[in-house]
Structure formats: structure tokens, C-alpha cells
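Trainee: Protein sequences, first through last, are from chains A and B. At position 140 of the first sequence the residue is numbered 1380 (this note's numbering), and the sequence of numbers has no breaks. At position 124 of the second sequence the residue is numbered 1364 (this note's numbering), and the sequence of numbers has no breaks.
Just so you know, not all the hints are guaranteed correct.
No copy is singled out in the list; a pair is fine if it fits within one copy or between any two copies.
[Stated by the list, open to error] EDC-like, lysine to aspartate or glutamate: derived pairs with alpha carbons at most 16 Å apart:
no., residue 1, residue 2
1, K1520, E1432
2, K1276, D1338
3, K1258, E1432
4, K1531, E1464
5, K1357, E1541
6, K1357, D1261
7, K1354, D1261
8, K1485, E1380
9, K1355, E1430
10, K1355, D1261
11, K1258, D1293
12, K1354, E1432
13, K1278, E1464
14, K1355, D1293
15, K1474, E1430
16, K1258, E1380
17, K1530, E1464
18, K1369, D1496
19, K1278, E1380
20, K1530, E1380
21, K1426, D1293
I should point out that these hints are in silico values taken from the structure, not numbers from a laboratory.
There are 2 protein chains.
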Amino acid sequence: MDLSRIGEFGIIKRITKKPIDKNILIGIGDDTAIIKLKNKLLALTADTLVEGDHFSLDYFTPEQVGKKAIEINVSDIGSMGGIPKYALVSLVLPRNTDVKIVDAIYRGIWQTCKKYKLEVVGGNITHGKQLVIDVSMLGEVKKENLCLRSTAKPGDFILVTGPLGTSTAGLNLLLKNIGNYNKVRKAHLEPEASLYKVKPFLRYINAMIDVSDGLASEVQHICEQSKVGAVIFKDNIPILEETRKAAELLNANPIDYALYGGEDFELVFTVSEKNLSKVKGFLIGEIRRKKGVYLYSNGKERLIKKHGYDHFL
Amino acid sequence: MDLSRIGEFGIIKRITKKPIDKNILIGIGDDTAIIKLKNKLLALTADTLVEGDHFSLDYFTPEQVGKKAIEINVSDIGSMGGIPKYALVSLVLPRNTDVKIVDAIYRGIWQTCKKYKLEVVGGNITHGKQLVIDVSMLGEVKKENLCLRSTAKPGDFILVTGPLGTSTAGLNLLLKNIGNYNKVRKAHLEPEASLYKVKPFLRYINAMIDVSDGLASEVQHICEQSKVGAVIFKDNIPILEETRKAAELLNANPIDYALYGGEDFELVFTVSEKNLSKVKGFLIGEIRRKKGVYLYSNGKERLIKKHGYDHFL
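The shape of chain A in the complex, shown without the other chains (with noise of 0.2 Å):
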């Protein structure tokens, strides 16, 4: 759930306004919304994949785009320091749609549930001009492991949990129908969610988001949210060999993948110094008073861009 890039159509006014119910400790803004109910709290999330803004099914499978829809909605709920519970599945099908097709993706769908313990609940099918597959998800948390995009401190580091970039090497490889590099374009394919790889040390976290739009991005909605800046320590971004190899092939640069690409779904977090032994992750920054995102560099600083790559754009 991601509804700060609304702003483009200058609505975000209406949209974000401020919760009435007293149970709605977080509305929209952060990966999920959470809810409290008498003594749980309830995360809750929708996302949506679009044939092709979002995946095409000329390199996906069926049973890939099926796990992706519920991987990224796991993420979400992961990124919040929950478990996914609950799924509904929306799924929007042109009329010449092979049965095989549905068949599978459901196929990739109850897999990756079963991988989660989460269970499809409901959902609905209707036709439409492209396939489109709608999730939303149920899930709880522990009031102790809550993780909000808004509770960074300046002084804490910043850490990720996995290497980044590999995901967007992946789809340009696909893209120009580049064979070989097989673990950089499954990570485009078949993306998962990291939420186990934090959650020995979930209470120690301070804020936290899913790599969904790149780096950058991600940094600078805790920034903003948290009303800090921070630093990125451009050599420390973990990227993995096989991605600088397919960028070089691809003439690109891995660090902008890794930056403003997407779909890692890799965690990034903060976690104050004191706290640093508890946690386990790749250390790519620091949070600091003075605003703005800076990468550093051989002994420079720069600005970085706001935006990651965008869908939408």
C-alpha cells in the first residue's frame, strides 16, 4: 500500500486527511494501515498488479504473477513488524482468458499462502481489457514489534536487509530477452518477502519500510515521515556480483538500480547505536538531524534524488 505518489494528481489533501476513529493508529502512509482491535493490532493492505505496467506474462508465468500478488502484500504487512493472516483476491480477466491460465495463477497463489500459513478467505473474478490482480491482506502485530516508517532517530543506523538492484537488472534482462544470470532475473519473477530475516529482533527495530520503489525512495519516506535526514554510504549498499555483471552488460549503472530501482522487497531499517549488536543486516547509513538524502562518496556528498522509480510515471 503505497498512496504517497497520489500527489500527482494533487489529492493527496483529501486523501491523507486525518482519521476520526480513535482505533485507526495508522491511516494512509505508511506500507500498512493498523487498527487496533480491543488488545491486537491489525495491519491492513492492498496491492495491485496491472499486465503490463506491472509484469508481462510474455517472461512471467502465471504461477509467478500469482506468488507476486501475494508476496508484495506480505511485504507490506513484514515491513509493519506483522504476520500475514488474512488474503482476498480481486482478480480482473480479459474474456479470452485460457482456463489454465486462472488455474495457474491460483496455483502460485496458494502456494506462496501455504509458505505463509495465510489462507484466501474471499475475493471476487469479473472481466475486464487486462488482467489485473487485486490483493488485499489481513494481518496482526504485536504491539512490541510495530515498525512505523515514522519513528527514526537521529543518530540511529540505517540497514537493509539484502542486496539491492538485483530485481531491476533482472527485468531489464528480460526485457532484452538476456539469457544466463539466473538468480538476478528470478529475482524480478519471483520476488519474497524478508519479513523473517527481521523478525528475531523485531523490538529493537525503530522505523522500517519494504524496498518496493528503490533506495532512495524508501529512505526518503522515513526521512519525511520521521522529520529527519539521512546519509547513504554509497560503498556499503550491498549489490550482488551478478547484478554489477548484468549491469556492465547492460551499460548501466548498478548503484542507480539499487537507488531507483525496485521491487528488492528487501527491508530497510533504523536502529539506534546502542542497539546495532541486536540486529542482524547490511549497515548502508545514518539518520541525522539535517535534512535530505545524501549519498556519500570518496569523501563527498550529494543530494539524492527524490524519486525513485515510479509506476506510475
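Got chain A sorted already, so can you dock chain B onto it with the hints?
Mentor: Relative to the frame of chain A, chain B by itself:
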């Protein structure tokens, strides 16, 4: 939420497999899923509107589309005896969409949310070839108010909360660009959920469903899931005088609109003879052991065709 029509794709077995999680009281197969959380019951549902299939901007204003997207989900939660609380709105927009249209859709969404004191807590916006609005909704149901499709009893009376066929008459007038008949056209353009009509006597209702696909189809759902049959008294089906006049003009049978039309969003419910005096509505039939749904008229019964109007056919 209605995945019953997914049977068209031959994957109904996979979709409707028995839930593993014991807190899923109702999974796929009713108007919403029902999930037990501590001593609360949550209702979870999603419904999709696709331009060209469910509405046309030739005769719908964007506000009306936004309103309808919320009302149809409120209707599903209401048909379980629940109260809607939180909504997620996923929008797929063609690239040339005017910001004014998006703004107007959200105006409709917010107006309807305000009416039901429900709040939009998230969602997303993506690109696509046609306008799609998928709304998912979370509601609460008091245990004593829970109304399922599967709990009708032989001997129950069948009641409906209001006139049927109105929306279909309106749709046909709109498709043929015929003016006047404002009430009928408005019924299609601005349908309203009927939950408040049954709220005072929910605990006396045995089974309930909302009329999204026509009376024949809805009573069939109740009968199949309750393992009973029904007879509907043709002359008792409430149909507005204006609907009858519109049908005459359109050379159609208003009873067909009621039985096989859709989107009236009235509620059909069953109640025991003992509790009949406790409820309000139009008495249109009876539940009985003999399987099948029959229409009674002029001393004769005939079996009603299984499917009403189905968006997917």
C-alpha cells in the same frame, strides 16, 4: 464478494477448500468472510467495478462510481449482519484520466464513507487500460447478529427489504438513453445498501443475502447452502409502479428484472413463523424441504432457472 461464479473456470474445488485456520468461521462462499478474533467477529470482503462491464462513464458520473464502489461492499457486510468499519481503495486508471475525474471518484467515496461512519485507511493507484475500482472492506459483526446463507430452515418465510428489478429497469433506460423515470434510473446510478432496514431485528433472521445478482440467483444460493428448497410467490414480489411502466416501454417483463436482474442491493432474508411478527419486509416466499427454487403463480409452480443475471456471463 461472490466467488460462486468462479465455477465457470472449473477451479471451484481449489478456491473453496476448507479453511485450515480455526478462526476462519466462514471462508469463500458467503457474502463476506467471517474471522473470529478473540471475542469479536470480523467481516472481510472485496468487490470490483470495471468500466464497461459494471458501469459506463457515458451515464455514470465519477462521483456515482465512487459511491457505488463503497455501497456494494457495505451491502455485502450488511448482509452478514455486520457494520462496515474500514476500507481500502485500489484504483486502476487509464493514463489519460483527468485529475478531475479522480477527484470526483474520491468525493463519491468519501461521501458514502461518511454516511456509514466508515473510513478509507489505504489502497493504491496504478495505471491500466480501463478504469477499475477494487474496494476491500473490514467490518465487525456481533455474534448474535451474524446472518449466513447456510442457515435457512424449512418452514421459514422469505422476505425482502424493498422493491426489486428497479436497478435493471434503470440500466435498460440508461442504455437506450430514455429520460424520465428518475427514481428507476437513480436506483441504478446510486444504489444504496439496505443494512439499516434490518438492523433492529437482525437477531431474528435465520439466513440472509443481498440482491446483487437477481432474486432467483440469491434464493438459490441460500437454498443450496442451507440444503433446502424454496417457493417464491410471484404476485408478492414487490416491484415499483415506475419499474412496471419502464418495463412496458422496454417490451420487457418486470418479473424478469426482479428475478434475473441485479444490483438492487435489497436484502433477502428468512425468518421462522414464530419470529415473523418481529421483522419488517415484503413476504415473498417460503423455505421448504423439497429442493429447487420454484415460482408460484395462478395455482401453478415452475422451477426457476438457476442463474440470474451474471456479470461474468
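Trainee: My question is about K1531 and E1464: at a cut-off of 16 Å on alpha-carbon distance, are they close within one copy, between copies, both, or neither?
Mentor: Within one copy only: 8 Å inside, 62 Å across.
Trainee: Classify it for me, K1357 with D1261: is the Cα-Cα distance of at most 16 Å met within a copy, between copies, both or neither?
Mentor: between (30 Å within a copy, 9 Å between copies)
Trainee: Within a copy, between copies, both or neither: which one fits K1355 and D1261 at a CA-CA cutoff of 16 Å?
Mentor: Intra 34 Å, inter 14 Å, cutoff 16 Å: inter-copy only.
Trainee: For K1354 vs E1432, is the C-alpha pair at or below 16 Å within one copy, between two copies, both, or neither?
Mentor: within (14 Å within a copy, 38 Å between copies)
Trainee: If the cut is 16 Å between Cα atoms, do K1530 and E1464 qualify within a copy, between copies, both or neither?
Mentor: Classified as within: same-chain Cα gap 12 Å, cross-chain 65 Å, threshold 16 Å.
Trainee: When no copy is specified for K1485 and E1380, does a C-alpha distance of 16 Å or less occur within a copy, between copies, both, or neither?
Mentor: Answer is neither: 40 Å inside a copy and 53 Å across each miss the 16 Å cutoff.
Trainee: Indicate which option fits the pair K1355, D1293 if close means a Cα-Cα distance not exceeding 16 Å: within, between, both or neither.
Mentor: neither (27 Å within a copy, 35 Å between copies)
Trainee: With 16 Å as the alpha-carbon cut-off, assign the pair K1355 and E1430 to within, between, both or neither.
Mentor: Classified as within: same-chain Cα gap 14 Å, cross-chain 42 Å, threshold 16 Å.
Trainee: Checking K1258 and D1293: alpha-carbon separation at most 16 Å within a copy, between copies, both or neither?
Mentor: Classified as neither; 31 Å inside a copy, 34 Å across copies.
Trainee: Within a copy, between copies, both or neither: where do K1258 and E1432 come within 16 Å Cα-Cα?
Mentor: Classified as neither: same-chain Cα gap 33 Å, cross-chain 26 Å, threshold 16 Å.
Trainee: When no copy is specified for K1369 and D1496, does a C-alpha distance of 16 Å or less occur within a copy, between copies, both, or neither?
Mentor: Classified as neither: same-chain Cα gap 34 Å, cross-chain 29 Å, threshold 16 Å.
Trainee: Within a copy, between copies, both or neither: where do K1278 and E1380 come within 16 Å Cα-Cα?
Mentor: both (12 Å within a copy, 12 Å between copies)
Of the hints listed earlier, those the structure fails to meet are numbers 1, 2, 3, 5, 8, 11, 13, 14, 15, 16, 18, 20 and 21, in rising order.
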